[in-house]
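Using the supplied hints, reconstruct the complex from the two chains, each of which is provided in its own coordinate frame.
Below, each chain spelled out in residue letters.
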Amino acid sequence: MRRGPTSFNIVAVAIGLAFLYLPIVILVVYSFNASRLVTVWGGWSLAWYRELLHDEAILGAAWISLRVAALSATAATVLGTLAAVALTRMGRFRGRLLFSGMVYAPLVMPEVITGLSLLLLFVALDLDRGFWTVAVAHTTLTTCFVTVIVQSRLLDFDRTLEEAAMDLGCPPVKTFLTITLPLIVPAIAAGWMLAFSLSLDDLVIASFTTGPGATTLPIRIYSEVRLGVKPEINAICTIMIALVAAGTIASSLMAKRGASRRERAALGVQV
Amino acid sequence: MQRDRTKRSWGARIVILVPYLWLAVFFLAPFVIVLKISLSQSALAQPPYLPVFDLAAGWQGVTAFATQLSLDSFRLLGSDAIYLLSYLKSLQVAAISTALLFALGYPIAYGMARAPKAWQPALVMAVVLPFWTSFLIRIYAWINILQRDGLLNDVLMRMHVIDAPAAWLSSDTAIYIGVVYSYLPFMVLPLYASLEKMDESLLEAAADLGCPAWKAFWLITFPLSLPGAAAGALLSFIPIVGEFVIPDLLGGSESQMIGQTLWIEFFSNRDWPVASAIAVALLGLLLVPILFYERLQQRSLEGGSA
Numbered sequence: 047m048r049r050g051p052t053s054f055n056i057v058a059v060a061i062g063l064a065f066l067y068l069p070i071v072i073l074v075v076y077s078f079n080a081s082r083l084v085t086v087w088g089g090w091s092l093a094w095y096r097e098l099l100h101d102e103a104i105l106g107a108a109w110i111s112l113r114v115a116a117l118s119a120t121a122a123t124v125l126g127t128l129a130a131v132a133l134t135r136m137g138r139f140r141g142r143l144l145f146s147g148m149v150y151a152p153l154v155m156p157e158v159i160t161g162l163s164l165l166l167l168f169v170a171l172d173l174d175r176g177f178w179t180v181a182v183a184h185t186t187l188t189t190c191f192v193t194v195i196v197q198s199r200l201l202d203f204d205r206t207l208e209e210a211a212m213d214l215g216c217p218p219v220k221t222f223l224t225i226t227l228p229l230i231v232p233a234i235a236a237g238w239m240l241a242f243s244l245s246l247d248d249l250v251i252a253s254f255t256t257g258p259g260a261t262t263l264p265i266r267i268y269s270e271v272r273l274g275v276k277p278e279i280n281a282i283c284t285i286m287i288a289l290v291a292a293g294t295i296a297s298s299l300m301a302k303r304g305a306s307r308r309e310r311a312a313l314g315v316q317v
Numbered sequence: 182m183q184r185d186r187t188k189r190s191w192g193a194r195i196v197i198l199v200p201y202l203w204l205a206v207f208f209l210a211p212f213v214i215v216l217k218i219s220l221s222q223s224a225l226a227q228p229p230y231l232p233v234f235d236l237a238a239g240w241q242g243v244t245a246f247a248t249q250l251s252l253d254s255f256r257l258l259g260s261d262a263i264y265l266l267s268y269l270k271s272l273q274v275a276a277i278s279t280a281l282l283f284a285l286g287y288p289i290a291y292g293m294a295r296a297p298k299a300w301q302p303a304l305v306m307a308v309v310l311p312f313w314t315s316f317l318i319r320i321y322a323w324i325n326i327l328q329r330d331g332l333l334n335d336v337l338m339r340m341h342v343i344d345a346p347a348a349w350l351s352s353d354t355a356i357y358i359g360v361v362y363s364y365l366p367f368m369v370l371p372l373y374a375s376l377e378k379m380d381e382s383l384l385e386a387a388a389d390l391g392c393p394a395w396k397a398f399w400l401i402t403f404p405l406s407l408p409g410a411a412a413g414a415l416l417s418f419i420p421i422v423g424e425f426v427i428p429d430l431l432g433g434s435e436s437q438m439i440g441q442t443l444w445i446e447f448f449s450n451r452d453w454p455v456a457s458a459i460a461v462a463l464l465g466l467l468l469v470p471i472l473f474y475e476r477l478q479q480r481s482l483e484g485g486s487a
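Line order of the protein sequences matches chains A and B. Residue 284 in my numbering sits at position 238 of the first sequence, and the numbers go up by one each step. Residue 320 in my numbering sits at position 139 of the second sequence, and the numbers go up by one each step.
Treat the hints as calculated values from the structure; they're not laboratory data. Don't be surprised by glycine CBs; every beta carbon is placed ideally from N, CA and C. Errors might be hidden in some of the hints.
Interface residues of chain B toward chain A, partial, derived using beta-carbon atoms under 8 Å [stated by the list, open to error]:
1) 197
2) 203
3) 292
4) 319
5) 323
6) 324
7) 397
8) 401
9) 405
10) 462
11) 466
12) 468
13) 469
14) 482
Computed list of chain A residues with no C-beta within reach of chain B, every gap over 10 Å [to be verified]:
15) 88
16) 95
17) 105
18) 116
19) 155
20) 162
21) 204
22) 206
23) 215
24) 231
25) 254
26) 258
27) 264
28) 294
Which stretches of chain B does chain A cover? Using the computed rule of at least three CB atoms under 8 Å from a CB of chain A, they are [claimed, not checked]:
29) 255-262
30) 279-289
31) 344-352
32) 411-419
33) 473-481
Extracted from the complex, chain B is given alone in its bound form (with noise of 0.2 Å):
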């Protein structure tokens, strides 16, 4: 339709120029800084780190500047045992977690997709509506469940399941409770997606030629699901790898997910830094995820014209 470079009119260009200028100006540059600033050094002043770039010195700044950077916050994060510790933590919660969403989520977004036509719309949105409200509020709901003096523990005692009151909060069951229980709409939506568009005379077909329908589901449905199954898993996992809100509320204090160090460094100890390095570490480890969810979009999205 519009082509032709040259000619595109100035509407045409606000409408590509604001929300890129947006975009690059609060996504993209805020990285560059954080880069930059997980080259500096901690130190007891208001920003607090070293150097302050200083465009007033001129040339004479940018070489000091220069020669002031160092990789002193990388260092600590390979030095210091506890930072390795919580990324293998975040890797392992994630990874777990989503294979647990996956299982879980498959069978409801199939029944969802062979649910009747007509309820199908209402059933999308029973799954999306929870989604809509505060994930904060979801969380603080599975406290009330999980606490010691908690619902789950006065059902399991009156069923005569446990006879002492047992410790549901700050575990890895309770932060895999609640990253299962918040992420799972992420999964059950593009599964149902990809299951709902599925050519149902691909199993008729199959059907007819004598082929068992768990034989069918194998090859010809999972198959065509994967694409969804892709979506689910990179929309569940990156965003787990950095959670902060789930463990820190529910978790135990033994050993911490990466965004919870994350945060103390920043928020407790005051090392932007090193909170910095934890940032540049944590978008290395995803990028290659990010890329993979960033062309899984793009074709979606745009008809795989990019």
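If we strip away everything but chain A, and leave its shape as in the complex, we get (with noise of 0.2 Å):
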């Protein structure tokens, strides 16, 4: 649509941005704030963060929770794209419905159902639990994450250039990795992002499937959040905001560059 935004349109995308936004600003505000009580502004501070450097429990969790993030994310980079070639390249295959059924069910399913599945799985199966079962646990949930961002990226481009290739006698696996993988790396690297994020945020399915020794971040400030609120939590939440935040304006510039450095090879082959 392209007539020009109403004072109407401006108003409720700048209410809708500032509801979204509010929240997290008061909080990374008051993780600065030198007084304890939320009401009562005692000046800037970095006391909180002087304070989480000590709590060994914290920092113990966060690094669990990093490591299941960047193992379950890479697991589920790797699964989730295998799904989306083959859903978008490989045609029909036998069992096809049930698997794009299964692909899709876990962006959807009750966190608690999903936790209380692999929990009862994993007990079954009669694994010790703790990092490795949230890994897997992780994996799954992520890994149809992946699969829609790099299928959505698998059916926009030109499939002509895979067709052109394959037509010249490039055998497949060499045509998707020369040709189809570097179209689909900023997918590939969104979905990975979004995975890792996904995963150092989860509470839910962690704690169905943790066990002893491997406490994760959202569990920790999820025990600490139902005591009430302390500082230190909005201190360790800024520092997970900032990072959030560097990683996705980082990943858009370098989509935002790739994607031009596309533009340009596509016009220097129409020369």
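If you want it as structure tokens, here you go:
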């Protein structure tokens, strides 16, 4: 739609964005509050960040969460990309409907169900619960997000490039590695980042599938939050928000540069 | 391209099989186990349910196992009002929240679609970004605001809207605020996607033929945005029904949503069969919306081929 926005449109978007960002901004600002009370502004201070540095429990949980997230995001990216290729490039195969059903369902499946069912599987298999079971659970949860992102990229781009390579005798695997893969790398990177942040964020599934010695950061934060607001929690939340924001902005800049390079390349081909 | 089933290369088979097997083992098979345990009985054992499937006992083990299965957990769900009430409460919260999300999300998505083209990627990013920051953090941020000595009461009292601090936290209002806040991107983005790709010449044609703008909106824009609305509604409704974190942190103790009931049965009462029965019943309740959602996804992501 190209007609200009009315003042109603502008107000609607402004209110929407304010609603989305105000609580986050408040949280960030209060992480620098010298006073322990939310309503009292005691001046700017880094006291809560200093306190955080000495909180072994939080730091340990953060370290576990980061490792789980890196591992499960990587596994989910591989699985999710394979699934996306299977769904967009393999035509029909036996059990395709069941396959796509299993791929999309975790996106909306309530987390309590996924968490409970995975736990019961781990118990039935008699696996020791801990780091690895959480990583497997998060891989299963986040694979579908990677698939959807990569799949929409695979549907978007010009298939004639692949077909031309195949017509010229390029084997499928080589076609995929030299033509398809470079074109979908931004989507794969975005999928990895989303999987990483979802894993870092998950409380419910991790609570079900974790065991002794593998308390993740959200489980730790949750048990603190239930006891009330603590400024240290504001501080750790601010650090996480800053990391995510930096990562997202960096990746979108990268995607933009990649896109313009691709456009130039496409123009070059035309000339 | 590769319709020939018999001559599919090994590479292609691996591409399909690896994610297929992973999902079959870690997503599909667990549901069978949940179903099985929902038919078991609670026991003071490790694991805390009976009977335990014993493959070593051979066929006799299987028959012994089958005779010990029971519907007790499901009977309990039917007989104790607390379960029914929490299912109803979940459906109510999900339905009202989805309506609120639509009412709030539609003007936002519409405004985004009508913003200058150059701004739109930035606006989409602005809506997505909060989704990338932790869900738990965003709920926690609302506790800062809604608690008794929190910011909302502070602001309202300074403006002399209220005289004494009101109890915002631990109420249904807080649940609705938290749910709408958390799920807003899920509603806005599909709506925006369907509004953004709309053919503007339709509206021009309507205007040329003398159709007033509000009528053109109602007759053209709105019906064309319905697929986006359906996607947004399903993406919100289904997970909200099973929501645990939001009602647990923001809601009151007088009534529970079903996700909380399941959580308590599992973690506090250690009654795995009842927790499993709740999960099975919840899944049954959500089966129809989930199937709708699956069809929508298949159509939009597989070009209608499936």
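Each hint tested on the structure:
The beta carbon of residue 197 of chain B comes within 4 Å of a beta carbon in chain A, closer than 8 Å, and the hint placing it at the interface holds. The interface hint given for residue 203 of chain B holds, since its Cβ lies 6 Å from the closest Cβ of chain A, which is under the 8 Å cut-off. The beta carbon of residue 292 of chain B is positioned within 8 Å of a beta carbon in chain A (closest approach about 4 Å), and the interface hint is therefore held. Taking 8 Å as the C-beta contact cut-off toward chain A, the hint placing residue 319 of chain B at the interface holds, the least distance being around 7 Å.
The interface hint given for residue 323 of chain B holds, since its Cβ lies 6 Å from the closest Cβ of chain A, which is under the 8 Å cut-off. At about 6 Å, the closest approach between the beta carbon of residue 324 of chain B and any beta carbon in chain A falls short of 8 Å, and the interface hint on this residue holds. Restraint check, residue 397 of chain B versus chain A: the minimum CB separation of about 11 Å is more than 8 Å; hint violated. Taken as an interface hint, residue 401 of chain B does not check out: its beta carbon lies about 11 Å from the nearest beta carbon of chain A, beyond 8 Å.
The closest approach between the C-beta of residue 405 of chain B and any C-beta of chain A is roughly 11 Å, which is over the 8 Å cut-off, so the hint fails. Of the supplied interface hints, the one on residue 462 of chain B is violated, with its beta-carbon coming no nearer than about 11 Å to a beta-carbon of chain A, more than 8 Å. Interface hint at residue 466 of chain B: violated, since its Cβ lies 10 Å from the closest Cβ of chain A, which is beyond the 8 Å cut-off. Of the supplied interface hints, the one on residue 468 of chain B is violated, with its beta-carbon coming no nearer than about 11 Å to a beta-carbon of chain A, more than 8 Å.
A distance limit of 8 Å between C-beta atoms decides the matter here; for residue 469 of chain B the minimum to chain A is near 13 Å, and the interface restraint is violated. Given hint, residue 482 of chain B at the interface with chain A, holds; its Cβ is 5 Å from that chain's nearest Cβ, closer than 8 Å. For residue 88 of chain A, the shortest C-beta to C-beta distance to chain B comes to about 14 Å, beyond the 10 Å cut-off, and the non-interface label holds. In this structure residue 95 of chain A is separated from chain B by more than 10 Å, as the shortest Cβ-Cβ distance comes to about 16 Å.
Interface exclusion of residue 105 of chain A from chain B stands, the closest Cβ pair being 17 Å apart, more than 10 Å. Taking the minimum C-beta to C-beta distance to chain B, about 16 Å, the non-interface status of residue 116 of chain A holds against the 10 Å cut. Not every C-beta of chain B lies more than 10 Å from that of residue 155 of chain A, the closest at about 8 Å, which undercuts listing it as non-interface. Against chain B, the non-interface label of residue 162 of chain A is violated: not every CB pair exceeds 10 Å, the least being about 5 Å.
At roughly 15 Å from the closest C-beta of chain B, the C-beta of residue 204 of chain A stays outside 10 Å, upholding its exclusion from the interface. With a minimum CB-CB distance of about 12 Å to chain B, residue 206 of chain A clears the 10 Å threshold, and the non-interface call stands. In this structure residue 215 of chain A is separated from chain B by more than 10 Å, as the shortest Cβ-Cβ distance comes to about 15 Å. Distance check for residue 231 of chain A against chain B: the nearest CB is about 17 Å away, which clears 10 Å, and the non-interface claim stands.
Once the 10 Å rule is applied to beta carbons, residue 254 of chain A is inconsistent with being away from chain B; the minimum gap is 8 Å. Its beta-carbon lying about 14 Å from the closest one in chain B, residue 258 of chain A satisfies the requirement of being farther than 10 Å from that chain. The Cβ of residue 264 of chain A does not lie farther than 10 Å from every Cβ of chain B; its closest approach is about 5 Å, which violates its non-interface assignment. Non-interface status of residue 294 of chain A relative to chain B is broken: a Cβ of that chain comes within 10 Å, the nearest being about 6 Å off.
As drawn, the region 255-262 of chain B meets chain A at 0 residues by the rule of a beta-carbon pair under 8 Å; below three, the given contact is violated. Counting residues of the region 279-289 of chain B whose CB falls under 8 Å from any CB of chain A gives 4; the rule of at least 3 is met. Requiring three or more residues with a Cβ within less than 8 Å of a Cβ of chain A, the coverage given for the region 344-352 of chain B is violated, as only 0 such residues are present. Three residues within the 8 Å Cβ limit are the bar, and the region 411-419 of chain B against chain A gives 3, so the coverage statement holds.
Counting residues of the region 473-481 of chain B whose beta carbon lies closer than 8 Å to any beta carbon of chain A gives 4, which meets the minimum of three for the stated coverage.
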